[in-house]
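Participant: Residues per chain are reported as follows:
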Amino acid sequence: MFPGISLFPERASALAADVDHLYYFITAVAAFFALVVTIFVIFFAAKYRTKDPMAVGARIHGSIPLELAWSIIPFLISIVIFVWSASVFFDLYRPPDQTLEIYATGKRWMWKFQHLGGQNEINELHVPLGRPVKITFTSEDVLHSMFFPAFRVKADAIPGRYSSIWFEANKLGQFHLFCAEYCGTKHSGMVGSVFVMEPAAYQQWLGGNAGGATLTSRGERLFGDLACNTCHVSDGRGRGPSLANKFGSFEELADGGRVTVDEAYVRESILTPQNKVVAGYQPLMPTFQGLLSEENVMALVEYVKSLRASSEARAEAAATRDATPQEHK
Amino acid sequence: MAEALTAHGDHGGPHAHHPDLQHHFDTLEQQHEAATLGMWLFLITEVLFFGGLFLAYMLYRVWYPVAWAEASRELDITLGAFNTAVLIGSSLTMAMGVRAAQTGKQRATVVWILLTMALGLVFLIVKYFEYKEKFEHHHVPGVNFMFEGPQAGPAQIYFSLYFLMTGLHATHMIIGFFIMAVIAWMAHKKRFTPEWYTPVEISGLYWHFVDIVWIFLFPLLYLVDRAGHFA
Amino acid sequence: MAMSITQPRVDYLNHEHTLASWLLTKDHKRIGILYLLVVTAAFFVGGLFATLLRLELATPAGDYVAADTYNKLFTMHGVTMVFFVLIPAVPTILGNFVLPLMLGAKDVAFPKINLLSWYIFTTGFLFTVYAMVSGGVDTGWTFYTPYSSRASNTNVMATGLGVFITGFSSILTGLNFMVTIHRMRAPGLTWFRLPLFVWAIYATSLVQILGTPVIAITVLALAIERFLHFGIFDAALGGDPVLFQHMFWFYSHPAVYIMILPPMGAISEVIATFSRKTIFGYSFVAFSSLAIAIFGFLVWAHHMFVSGISVYSALVFSFLTYAVAIPSAIKVFNWTATLYRGAIWLQAPMMWALAFIGLFLIGGLTGIFTASLGIDVHLHDTYFVVAHFHFIMVGGAIMGYFAGLHYWWPKITGRMYSDIWAKVAAIIVFCGFNLTFGPQFILGYLGMPRRYWAYPPEFQTLNVLSSAGASILAVGYILVGIYLVASLFWGKVAGDNPWHATGLEWTTQSPPLPHNFETQPIVTEDAYEYAVREVKVG
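Residue numbers (the numbering used here), protein chains in the order written: chain A, 1 to 329; chain B, 1 to 231; chain C, 1 to 538.
What the hints contain is simulated information worked out from the structure, not anything from laboratory work. Predicted model, so just to flag it, every value in this text is computed and none were measured. Glycine is no exception: its CB is placed at the ideal position from the N, C-alpha and C atoms. A portion of the hints provided could be inaccurate.
On the chain A side, residues computed to face chain C include the following (Cβ under 8 Å) [claimed, not checked]:
1) Tyr-48
2) Phe-89
3) Asp-255
Straight-line alpha carbon distances no greater than 25 Å define the calculated SDA-like cross-link-like pairs of lysine to any residue that follow [claimed, not checked]:
4) C:Lys-492 with A:Lys-134
5) A:Lys-134 with C:Ile-309
6) C:Lys-26 with B:Ile-212
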């Protein structure tokens, strides 16, 4: 009929269908109520129309049962939608335990992706089919928002903070990446594509695009260059806590609080170390704010992650190795 | 819907037209109630106005308790406490002024209002010296800010809020000062009677409000950690 | 009351003619007219920006204006329409004019402050217009930091100050109306005899006085951060850019209720009059206005679901957002039920009112989509949201304003406009509106983000439809302007009560006396008592 009008975007992730199903349901509910009211309005306006300016309407004041009915029923329907929607939301926001990790930064006006193996991409992202992918990202300047319509996911990139999205692509192809938070002149140019590839093709791509150190090894090098290892001694007797096995665990803080050692905490500890000092240690760590690019901070985060000696970590490390070409190093 | 009965207009009837009764009101009492309700509503808007800054303050204080303590200790607690006493005193003189107007004591009204203005002026002068000192110590964000130690970033936020909150308060004080000047002048011209002293009363409400804001600002800004719990 | 056209009557328009009598008036009716002039000017300014940006969007490439220009266009369109049209229109024009009449009062509680409000409003508007013509502003009407505080090279501060100044006008008007309603009702006019328009204005005033100060301080803090470089939103210092969003939306969400509640009040009046019966469920409609005002303060972070708030916050705000939709639904159902067994008179105001019901309904229902967390992740910052709020604000608020304007026009001016042309305009606007914003829902779900100067080619067809609709919409609005102005010169004399309506405002002459009533009205009946009263023929 009309060329170029489709009603729905492609579905390229497992959750996209869930989001669409919820969308259909709400559309049906909305259409129902819209239709019912419209029909009644038109019907009443036609049926009770008069040309006599002296006519008056019937003396009807109201009906409590009717008021209750049309308050409670829509409310109950709302609860159903709310619960369903919250469940989809939890799925969208909670990645599975094992994900392929990718780091990214948004800056005016481009997206920079870093794969663990050191591959860098600008405005393009290659991912394998059928594998959960988690992107951890921040902004280097103003607010941006990473939006993949085909996966139905979006999160704002906020300077000073990490955001993350995850998806599991289940369709091959090239799909849109948009910046979805106004960021200035080239906001509409801060777009790109995500390429979903067969796993084998993905491995090939990784191999063909290597050329830098892996994220972990870059982080390790920075750790040495910036003398982090002089305080963060692995036997725990240094001026700073040992970082071995720390990622993912809980840490007691000097002010009595407790924190999970996640990407955000590691970043915070590098850039504003005075805020959440570990119990038993002095607030001696200098800040690296302004001395490290966001990409380098991410490399350090990834390095700290790699210091987990648990079997879990080893599995992750193995997964990382899978993501990196074997002949490298 | 309405039946227009013959109603007494604003002339004739039991009320002779009081010179202070505005034409759209029926009685002085109605006019007075409207004025006081209006002023209370306005003060509620002021609570929300300052409220945004208090919200920001609360958030950052929870996030950066150490910076808050360090920065707060840089304020002069003696001057702050003195200013608090001055303002509370000025609320007392203001209340006495309202009372004087209420009881028809024209000259006493003028005196109390002038005293209120004087105390307000003292407050502002002290504030001037405090600001000057902040400038000399490089604690003015965006101008020459320098702060020792790792808390510099959050401390700059603290001082931003300090200047925003006390600056907004001082602006209200200055406006209040001019309002009081007008009230004093009107009192001097013997405009107020025990039947009608509404401007004195509602200006008094405004003044008390500005005082109360300071009573919150003082502990929040000056007294964050005077007992020295933090290292 | 004699209806001889040749006998000139004294009314608020003709009793004084000098410019000073207008610019120094304390008459709420003249102040309403003064607002009408400024708000109409703002509507055309905002409409001009919309026209230009829709022209750009007819093609995928950015080829009509530069990117920076486009960004300024959508920003200034938003700022103008939100702050200088939608928020003031019904309260300051219709509210100012009609409220004291509906209450049987001679004026509002503080007439001089009322005039001051207009001067503040006009000053803020001129200041903002100056900011726009001297370089413009490109932050989006939402002024998000850090872009607005650090990166934008445009007149952020001047625009912010313009908005700041105008906010005081809104606060003072709300305050004035609240005191008027509390203290100046005619004898016998108890709360539950009040017309629903008064309830709507009261609820709106509540929101105005509680919410506007927060945007004032937010915009002030932003301006200071930008200008003096000290600030609380700067991430480099440890500040939180998202704090700006919380503070901004704490007002700006309730602001949308400032925009919609008064038009809803006007709709209640029109539906009652043109159905010749009382509004079904009067007390439910009255209380729903208050419920919307109060709940409206509890949902602000539904604009921030993907902006970094916690999952648990998101759940709470989503739930409350559904809750705030229910009172609006109650109103729609009650208006519909009012039509049942009414005596429906399909004059122009009623056409606008019925159009309102349909469009507001769709707008409100599409809010369910954006309230739903799982869906909003996808829809946030896409054209779906743009369509949703335009359905409410244009299809709802502007339609409601026009319904009220057409309803009270004979009272305000003493003249009738052409009923045929008014109905034609209503239809043109309705069709143009749907064509403009209907396709945008689809565009949004397809993933087209907001505020895009250039877009992928596959979105073009829908964008062309939307731009075509916008041109039809423009024709409709211009038509309204033409016949309303024409009525001032060539319109039939309206008579005191051309709609045979109940309501104290219709018991006085059209246009009203300078001091509204010959004698103080005394109220003995509920509102909208059509069935019992003898209808006075105007």
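Participant: None of the hints should be skipped; say for each whether it holds.
Facilitator: Quick rundown of the hints versus the structure:
1. Tyr-48: 5 Å, holds
2. Phe-89: Result: holds, 4 Å to nearest chain C Cβ.
3. Asp-255: 16 Å, violated
4. C:Lys-492 with A:Lys-134: Cα-Cα ~70 Å, so violated.
5. A:Lys-134 with C:Ile-309: With a Cα-Cα distance of about 19 Å, the restraint between A:Lys-134 and C:Ile-309 holds, given a limit of 25 Å.
6. C:Lys-26 with B:Ile-212: 34 Å, violated
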